[in-house]
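Asker: Chain by chain, the residues:
Protein chains: 2
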Amino acid sequence: MDRADVVVVGAGYAGLCAARALRAVGREVAVLEASGRVGGRVLTDRIAGDWVIDLGAQWISGAHTRFAALVEEYGAETYAAPSNGANLLVEGAVRRPFVGARPPLPPLVLVVLAQALWRIERLAARIDLARPWTTPGADRLDAMTAATWLRRNLPERRARNLAEVMIGEELCVDVGSVSMLAVLTTIRAAGGVEGGVTAETVTRLFVDGADGPAHSIAAELGDALRLDTPVTSIRQVPEGLSVGGEFGEVRAAQVIVALPPALAGRITYDPPLPAARDHLTQRMPMGSVLKAFAVYERPFWRDDRLTGQALNLHDPVPVTFDATRPGGPGCLGALVPGRAAHRLAALPAAERRAMIVGSLVRAFGPAARDPIDWREKVWADDPYSRGGYGAFFPPGVLTTIGSTLRQPIGAIHWAGSETATEWAGYIEGAIRSGERAAAEVLAASRDATVG
Amino acid sequence: MDRADVVVVGAGYAGLCAARALRAVGREVAVLEASGRVGGRVLTDRIAGDWVIDLGAQWISGAHTRFAALVEEYGAETYAAPSNGANLLVEGAVRRPFVGARPPLPPLVLVVLAQALWRIERLAARIDLARPWTTPGADRLDAMTAATWLRRNLPERRARNLAEVMIGEELCVDVGSVSMLAVLTTIRAAGGVEGGVTAETVTRLFVDGADGPAHSIAAELGDALRLDTPVTSIRQVPEGLSVGGEFGEVRAAQVIVALPPALAGRITYDPPLPAARDHLTQRMPMGSVLKAFAVYERPFWRDDRLTGQALNLHDPVPVTFDATRPGGPGCLGALVPGRAAHRLAALPAAERRAMIVGSLVRAFGPAARDPIDWREKVWADDPYSRGGYGAFFPPGVLTTIGSTLRQPIGAIHWAGSETATEWAGYIEGAIRSGERAAAEVLAASRDATVG
Numbered sequence: 335m336d337r338a339d340v341v342v343v344g345a346g347y348a349g350l351c352a353a354r355a356l357r358a359v360g361r362e363v364a365v366l367e368a369s370g371r372v373g374g375r376v377l378t379d380r381i382a383g384d385w386v387i388d389l390g391a392q393w394i395s396g397a398h399t400r401f402a403a404l405v406e407e408y409g410a411e412t413y414a415a416p417s418n419g420a421n422l423l424v425e426g427a428v429r430r431p432f433v434g435a436r437p438p439l440p441p442l443v444l445v446v447l448a449q450a451l452w453r454i455e456r457l458a459a460r461i462d463l464a465r466p467w468t469t470p471g472a473d474r475l476d477a478m479t480a481a482t483w484l485r486r487n488l489p490e491r492r493a494r495n496l497a498e499v500m501i502g503e504e505l506c507v508d509v510g511s512v513s514m515l516a517v518l519t520t521i522r523a524a525g526g527v528e529g530g531v532t533a534e535t536v537t538r539l540f541v542d543g544a545d546g547p548a549h550s551i552a553a554e555l556g557d558a559l560r561l562d563t564p565v566t567s568i569r570q571v572p573e574g575l576s577v578g579g580e581f582g583e584v585r586a587a588q589v590i591v592a593l594p595p596a597l598a599g600r601i602t603y604d605p606p607l608p609a610a611r612d613h614l615t616q617r618m619p620m621g622s623v624l625k626a627f628a629v630y631e632r633p634f635w636r637d638d639r640l641t642g643q644a645l646n647l648h649d650p651v652p653v654t655f656d657a658t659r660p661g662g663p664g665c666l667g668a669l670v671p672g673r674a675a676h677r678l679a680a681l682p683a684a685e686r687r688a689m690i691v692g693s694l695v696r697a698f699g700p701a702a703r704d705p706i707d708w709r710e711k712v713w714a715d716d717p718y719s720r721g722g723y724g725a726f727f728p729p730g731v732l733t734t735i736g737s738t739l740r741q742p743i744g745a746i747h748w749a750g751s752e753t754a755t756e757w758a759g760y761i762e763g764a765i766r767s768g769e770r771a772a773a774e775v776l777a778a779s780r781d782a783t784v785g
Numbered sequence: 335m336d337r338a339d340v341v342v343v344g345a346g347y348a349g350l351c352a353a354r355a356l357r358a359v360g361r362e363v364a365v366l367e368a369s370g371r372v373g374g375r376v377l378t379d380r381i382a383g384d385w386v387i388d389l390g391a392q393w394i395s396g397a398h399t400r401f402a403a404l405v406e407e408y409g410a411e412t413y414a415a416p417s418n419g420a421n422l423l424v425e426g427a428v429r430r431p432f433v434g435a436r437p438p439l440p441p442l443v444l445v446v447l448a449q450a451l452w453r454i455e456r457l458a459a460r461i462d463l464a465r466p467w468t469t470p471g472a473d474r475l476d477a478m479t480a481a482t483w484l485r486r487n488l489p490e491r492r493a494r495n496l497a498e499v500m501i502g503e504e505l506c507v508d509v510g511s512v513s514m515l516a517v518l519t520t521i522r523a524a525g526g527v528e529g530g531v532t533a534e535t536v537t538r539l540f541v542d543g544a545d546g547p548a549h550s551i552a553a554e555l556g557d558a559l560r561l562d563t564p565v566t567s568i569r570q571v572p573e574g575l576s577v578g579g580e581f582g583e584v585r586a587a588q589v590i591v592a593l594p595p596a597l598a599g600r601i602t603y604d605p606p607l608p609a610a611r612d613h614l615t616q617r618m619p620m621g622s623v624l625k626a627f628a629v630y631e632r633p634f635w636r637d638d639r640l641t642g643q644a645l646n647l648h649d650p651v652p653v654t655f656d657a658t659r660p661g662g663p664g665c666l667g668a669l670v671p672g673r674a675a676h677r678l679a680a681l682p683a684a685e686r687r688a689m690i691v692g693s694l695v696r697a698f699g700p701a702a703r704d705p706i707d708w709r710e711k712v713w714a715d716d717p718y719s720r721g722g723y724g725a726f727f728p729p730g731v732l733t734t735i736g737s738t739l740r741q742p743i744g745a746i747h748w749a750g751s752e753t754a755t756e757w758a759g760y761i762e763g764a765i766r767s768g769e770r771a772a773a774e775v776l777a778a779s780r781d782a783t784v785g
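Residue numbers (this note's numbering), protein chains in the order written: chain R, 335 to 785; chain G, 335 to 785.
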């Protein structure tokens, strides 16, 4: 049996940053990670030539100040995401290049789309990120799906399709599954429509992969980090909490669970969690996303002055992007969110690849037909993530039990990107949540000492 | 280490009936139950004088043929639920008695309500219970909450309130949280609007509690039933499956998990469950219900020719009923579903009781003010049920991953009332699901033998 001041469950960016903050003020920390690696939903893989690809979260934007601080501290190198040239809007066999954020649709369609985005922006601006359920009209917005809102406010089919693709790509969930209040909260937490739903602020990628700072923190943690250590129970004991699993147990005065709520709910708690917190873990499932990369000798689409970004309105692969490292082989990334991810995940690997490559060919031409390498990740299959990018709120959850999201239960504190008030679902949110949980733990133990 | 032909996880009616069916054909079965009792979401308690009350499921209707067969076989005594007199419709300080199923509302309100119920009946009639996602218009009905459908189809506020109360009481979930397709499926699975949403077919209660047959089956099982045996893992091993927990392990060729999906998802599976099945366990949460009983010297409301049934449109306690046993003390039951259950559960016990009693006084007068006894159960607090009556489908789940609900994973089969095609959420559904899973297990092992 081991001891620590604080046990952190999970070594994604949230857990790592919580541990780092606690050690910085002299706390003894044990970080228990179920899988054999750090990073959580950040996962960097390598292709021939030792070039990296990020199978999980990968972007950093100018607004990601805490992530930027880590990047600065640990010296990770970034480069501007390729954006020279034209994006593509693909509808069936028709592809239309466009520059900037305004897709090439008829003026009427653009007008109704702009109106709807303006309404969304106005509604999102009202959200109190710390307490979205206090937003005026929250009950009504939470009692409808985003699909319902879009049907009412975007009666024009193509404009609605485009909005569905954008929201689906942002949250990795179908508009028919997610609460409109939750969509507004996510958009607000990511800086509004411009910051969140368009690609404007998504600006830099990592030369050596987005997990670089995570590995640097892991190296600092040394023995305090234990991989392959799945936690299955958190029990109250006379001297605090016992965090256990097949590995044995670690005892601590305080615990930070840095997992998405659904996975936190699979731990056995003794005493059991209060009803409302337990129901949050039942009612805040993970989104679903398949991320795939097709590797080519060179980024051939740049010859046609294309960015590699395509929005596809009728395809299983609604979003593609250029993930080519500077000087590296051409690399096209594809994101498949929501039910399409489940549908593709159920296919044999070769069929799935053929389907995604077919989509790349429709967007970028026959040169996309024969990738020299291929990588993919079905995040819902990952036993220690069980989905991605993040968890989402189905209708009725935020206004009923949303307040339990960050509320500590005794000496158990909750971190993870889902608990962030800003940039929830992003690496930035994960980092902020870990730092917030660490501060909470310190304040609580200070109170206990003073008390 | 122990062995059995089949391990059944969970000793609610589903698990017990699966085990019973398997033993009837000579299979060796081990039933592992996490709690210290059988019955699951059926829980009979006793009050002074040894009179029983059912804190969980309690009704049997004429259409519950499999439950009736058990009742017949084990000799449980039932009595007609008290229905002499008038029901009450309570709106704030105003209470209106009414006889039968038609509440005393202005003719216009009744007309729009009847129209909406007729539309619901017509939509429900189209549902293929084995595959609700194949229903014409399924995608659209699944992409909206029941709240959205009611707002569109019942613009009259009082009629809508009444429909919300009826649906809430049937599913223990707010209309703003549940898929309209799921509501239609539930109604169809319970015999249509008349059978499911009104009280017409809910006709008999158990003199000695609804758990009688469960205890009879448990007695037959003898040592094959192990209480206080929480299962935390199901692992593939060379000779089949190992079902484990702190108790040790039991090995078997086949396993029936007779738990609601959310609780089944808290077991660790090795190999891990496929993505779609795992997501079902994340996306099919439990409803929430608080059930309370106020006990009085005698059923005083009968003096006023009241049935004890009240529908309350503006109260935290929307539904009450008479649970008096023949010759026993007066007993009023109260059901609080959905978010109101969470709100009440968060209050101190005395305050919660005062609130519910206040509601009984508004319906049945000052004689309700001082119950001589009190019992209540917050089902979301029960660590081995974590909600009730059953699980529900938020929008977008049925049409995306609904098909995984009954699909065996290798030699793991799924039972539980949620998996029933008819009477899902009822004891009848639990029994049918257990018998179906047992048949499935027998067919699979026969195939394996023949193969």
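Among the clues, some could well be false.
Residues from chain R that face chain G, not an exhaustive set, calculated with beta carbons under 7 Å [as the list claims (entries may be wrong)]:
1) M478
2) R538
3) S576
4) P606
5) A609
6) R687
7) A714
8) D715
9) P729
Hints are computed from structural coordinates only; laboratory data are not their basis. Idealized CB from N, CA, C, for every residue including glycine.
Asker: Find the hints from earlier in the document that the structure breaks and name them by number, from lowest to highest.
Answerer: Of the numbered hints given earlier, those the structure breaks are 2, 3, 6, listed in rising order.
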